[in-house]
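Engineer: Assemble chain B onto chain A, guided by the hints.
Each chain, written out:
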Amino acid sequence: MAQPLVKKDDDRDDEADYSPFLGIEKGAVLQEARVFNDPQLDARRCSQVITKLLYLLNQGETFTKIEATEVFFAVTKLFQSRDIGLRRMVYLMIKELSPSADEVIIVTSSLMKDMNSKTDMYRANAIRVLCRITDGTLLTQIERYLKQAIVDKNPVVASAALVSGIHLLQTNPEIVKRWSNEVQEAVQSRAALVQFHALALLHQIRQNDRLAVSKLVTSLTRGTVRSPLAQCLLIRYTSQVIRESAGNTQTGDRPFYDYLEGCLRHKAEMVIFEAARAITELTGVTNRELTPAITVLQLFLSSSKPVLRFAAVRTLNKVAMTHPMAVTNCNIDMESLISDQNRSIATLAITTLLKTGNESSVDRLMKQITNFMSDIADEFKIVVVEAIRSLCLKFPLKYRSLMNFLSNILREEGGFDYKKAIVDSIVILIRDIPEAKESGLLHLCEFIEDCEFTYLSTQILHFLGIEGPKTSDPSKYIRYIYNRVHLENATVRASAVSTLAKFGAMVDSLKPRIFVLLRRCLFDSDDEVRDRATLYLNTLGGDGSVVETDKDVKEFLFGSLDVPLVNLETSLKNYEPSEEPFDINSVPKEIKSQPLAEKKAPGKKPTGLGAPPSGPVSTVDAYEKLLSSIPEFASFGKLFKSSAPVELTEAETEYAVNVVKHIFDSHVVFQYNCTNTIPEQLLEHVSVIVDASEAEEFSEVASKPLRSLPYDTPGQTFVAFEKPEAVPAVGKFSNMLRFIVKEVDPSTGEAEEDGVEDEYQLEDLEVVAADYMLKVPVSNFRNAWESMGPDCERVDEYGLGPRESLAEAVNAVINLLGMQPCEGTEVVASNSRSHACLLSGVYIGNVKVLVRLSFGIDSSKEVAMKLAVRSDDETVSDAIHEIVASG
Amino acid sequence: MGSLFPHRNSCPSIKNILLLDSEGKRVAVKYYSDDWPTNSAKLAFEKYLFTKTLKSNARAEADIAVFESNIVVYRFVQDLHFYVTGGDDENELILCTVLQGIFDAVSLIVRNTIDKGEVLENMDLVLLCLDEIVDGGIVLETDANLIVGKVASHILDSDAPLSEQTITQAWASARDHLTRSLLK
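The listed protein sequences derive, respectively, from chains A and B. Here the first sequence stands for residues 1 to 887, where the numbers follow the UniProt record's numbering. Here the second sequence stands for residues 1 to 184, where the numbers follow the UniProt record's numbering.
Same shape as in the complex, but just chain A:
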């Protein structure tokens, strides 16, 4: 508003509810907006009306399309006014209205005029508005001005252009990328925030170019960064560079660590914290590296500012998961935080203490927690319960007090998630601590006597059925289980019947009693309950005498369903009622999705109930499992290495195929992962025809076609080759996808009867020497090198010809050999003329290999390399030289 800032009515205080927007109504304000059309503009009045419109939008009011258009056109008239305050409000209004493309044209020229105005405030804001509402075509017109603005001497203008650039990079990357020279210049700006915005934009422009990011970080960590915000950015980029060049750092110094450590002494708290956090998150961080970061975080713990305490305790809590010992120094400060007013801080402090505490402090801590639990929210309680679970696993001797604690809180009020967390914890303790089993099961039994959650009741009943019969006195659980048959809903009753049957099957002496109980269930009002009772009475033998249960029956009751549920569902749907009973053996066991998909959605934490007690499956394990399930490949022995998937098709083609190379001692298996991307097609009998004429040492021994490949459901087909044993045979393979294609009616999803045979050319595939090399790090390269001895050492020199840079040459050799760089030696300092690189790995035949590389580059960019190889087998050492010589 252009008029004086204060316009307080003297009698305002009498009306407590006074508001300039009291009784504001959209229709009336839209009427008022007519003043925008007055030939004699009243700037103050116009500003007031815009404020009212903005207030309405801010309160969640929406304008119809027509209303918005009318307001927009009226607002554009206000560009005639020279009032600065009004112009600011006009800018704001245009941004809020987010006009359509044809409306944008109306204001473009006015905004472009402002962009070139002498008033800095106009320039900065016009840039922000125009970039917000513009599209690609307009952008090319104003690009020239934006580039100028980036290096404008007024920081507000430069920042406006840079921040707009960051937004535009999402929509028009190819245009923004052309500005990198100007952005580069702005990074050197003296204005703190300009540097921050320029750095953010420059990094986003170059984020896919690792080398460029590395260079940027190298130069800036040596230079001066003015604003704390820019310093935080630089710390993040530095961490990224460290992460991407992560090698073995147990002995060598980590590149850029000194910079991070230096930032711990910065004057701005936000920078100190950012650096401390970055250090704690370094992969494979050592205690020595951690110490300075922990020290500053410890100081934050006793800060008067809640935000600092929270930030510090949250970070230390994460550190405690991996390095509990490093955090123990903070325990005293941490204990005083248990009574912190901010419950988030208190909870984090408690759980950190639980992670770092020792056996003797458990009881004291439990006492403190018991008082604390009553006044925190469920979400915090869950965190505490999870911490107690891991504590109990750490100190199994303390299970009694921890189990008591869990059973006490189980009895108290709480929501589903909280109760589930407690039950899960008890289940895990029962599984892992044998002594805790009996008391834990009884706690669970008591819980289901008064449990309002059907899901938890059924899960506990299932668990009881498995664990209960194995206890010393199974009969004491029967009462709890049978009570469920009387008191609960049908779902819980059915599950109780199954549990009873399990007791009957496992405990022969209980059989007569179980039969009596099961017979009573035959009169249940629910058919599922009756059906289950009938089924179990029949399978268990029926006459109710004390006899041993058949193995088959036990298998039926306790065995897991070894067919994928999706497949079972499809088979059941396809089954037509007939004389022939449905045979579960006819259900295909093949897994349809790629094993890699499992990796993308790893289980966050061990789920107590229902899930088998196994950790997340690694890719290698998944592959191994998959391959060994295929009879043709079962005899190949142990899987040596599986490559990363190699794409054999361009992106967005009809059929997407990638291949994984599985290397065995005397075989190679290609796993082709195929995806059909055409909804109107069903592919059948999919196989890959491999031409191995350029791979002389390989002969095809088996192939496993894919029966059917529906739209968007990945499937795998395999081809296996035999090769000389333990020989790293290399070769090139050309691939042709062959299949029968059937048209699918998109409306019904049904495929036509007849199909046509067709082929689809895939790209070639190579087996290279690196496929026979496993990346295996060594903890201390020098020791390993010395102990290997010079007996089988082979040394030679090579000229690598002209290269783009030293770093590029080093990377090329590392990739060629497929070995693990050690001690961070894969990172080449910029501008250096020579570099030494240490590599380790295991070659096929389980031969350990160590490599020392020395590189030198001259002024004409010619790179020379000295290669020293040590291994236990001189033929292997020679083979490594062979790889380099032929690569």
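Since the hints were derived computationally from the structure, they do not count as laboratory data. Please note that the accuracy of each hint is not assured.
Unchecked claim - Mimicking BS3-like on lysine-lysine, the simulated pairs with C-alpha atoms at most 30 angstroms apart in a straight line are:
#, chain 1, residue 1, chain 2, residue 2
1, B, LYS52, A, LYS476
2, A, LYS95, B, LYS55
3, A, LYS420, B, LYS30
4, A, LYS641, A, LYS775
5, B, LYS47, A, LYS861
6, B, LYS55, A, LYS65
7, A, LYS95, B, LYS47
8, A, LYS95, B, LYS30
9, B, LYS42, A, LYS95
10, B, LYS55, A, LYS26
11, B, LYS30, A, LYS26
12, A, LYS661, A, LYS625
To be verified - Stretch by stretch, here's where chain A covers chain B in the computed footprint (C-beta under 8 angstroms, at least three residues):
#, region
13, 12-22
14, 65-73
15, 83-94
16, 130-139
What the hints assert, rightly or not - To list a few chain A residues with every Cβ distance to chain B over 10 angstroms, as calculated:
#, residue
17, ASN181
18, GLU269
19, GLU274
20, PHE453
21, PHE556
22, PRO705
23, LYS742
Just so it is clear, CB atoms sit at the ideal spot from N, CA and C, and this is done for glycine as well.
Structural biologist: Chain B alone, transformed into the frame defined by chain A:
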């Protein structure tokens, strides 16, 4: 390359800045992210936030909490509640700096008599402040004096006597000038 690692957003980003009154009603809000796509989702978040923080003592000092995988820093004064929200992984102290920025800027605008009535009276300037502190989630400026300088410069010019903030500004720029010449 970065996407392979579960690491934080490279650039600090602000999801929203909220000014609510002592009953949890909106005074002025600005959302920069799509996490709350509808007005009702926004209102629900505001209500949740308000009830959860109502009991905390965030008057002398900013306080902090985690809500729905977001970090929220907040501060109350009179009948006004200020909130700044960022992602789960955001540097808490950066959020706090933004909160301080908007808090001080609004205080300057209403000349330290900060309450809901004054803020409503100066709604135009408050909305401009929200526009100047963060642009599309990216921190634009956190120095309250500079923000107010940008928002209300025209007022200060027409308001003949030099107000407190312009003196601070003049002092800041003079100091800046001096350090630069010393560094040369």
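Engineer: With a cut-off of 30 angstroms on the C-alpha distance, tell me whether B:LYS55 and A:LYS65 pass.
Structural biologist: 42 angstroms, violated
Engineer: Would you check whether the claim that A:PHE556 is not at the interface survives, using Cβ distances to chain B and the 10 angstroms cut-off?
Structural biologist: Given a closest Cβ separation of 43 angstroms, the condition holds.
Engineer: In terms of Cβ atoms, is chain B entirely out of 10 angstroms range of A:ASN181?
Structural biologist: 21 angstroms, holds
Engineer: With d taken as the least Cβ-Cβ distance between A:PRO705 and chain B, does d exceed 10 angstroms?
Structural biologist: 33 angstroms, holds
Engineer: Beyond 10 angstroms from chain B, beta-carbon-wise, is A:GLU269?
Structural biologist: The assertion about A:GLU269 is violated, with a minimum of 5 angstroms to chain B.
Engineer: Checking one constraint from the list: CA of B:LYS47 to CA of A:LYS861, max 30 angstroms. Satisfied?
Structural biologist: This hinted pair is violated, its Cα atoms lying about 64 angstroms apart.
Engineer: Taking the closest pair, is the beta carbon of A:PHE453 still more than 10 angstroms from chain B?
Structural biologist: 23 angstroms, holds
Engineer: Does B:LYS47 lie within 30 angstroms of A:LYS95 when you go C-alpha to C-alpha?
Structural biologist: Measuring from Cα to Cα gives roughly 27 angstroms; hence the hint holds.
Engineer: Is A:LYS641 within 30 angstroms of A:LYS775, Cα to Cα?
Structural biologist: Distance of about 10 angstroms is within 30 angstroms: holds.
Engineer: Examine the region 12-22 of chain B: at least three residues should have C-beta closer than 8 angstroms to a C-beta of chain A.
Structural biologist: violated (count 1)
Engineer: Can the restraint linking B:LYS52 and A:LYS476 be considered satisfied, given a maximum Cα separation of 30 angstroms?
Structural biologist: 45 angstroms, violated
Engineer: Over 10 angstroms to the closest beta carbon of chain B is the bar; see if A:GLU274 clears it.
Structural biologist: The assertion about A:GLU274 is violated, with a minimum of 5 angstroms to chain B.
Violated hints, in rising order: 1, 2, 3, 5, 6, 10, 13, 18, 19; the structure is consistent with all others.
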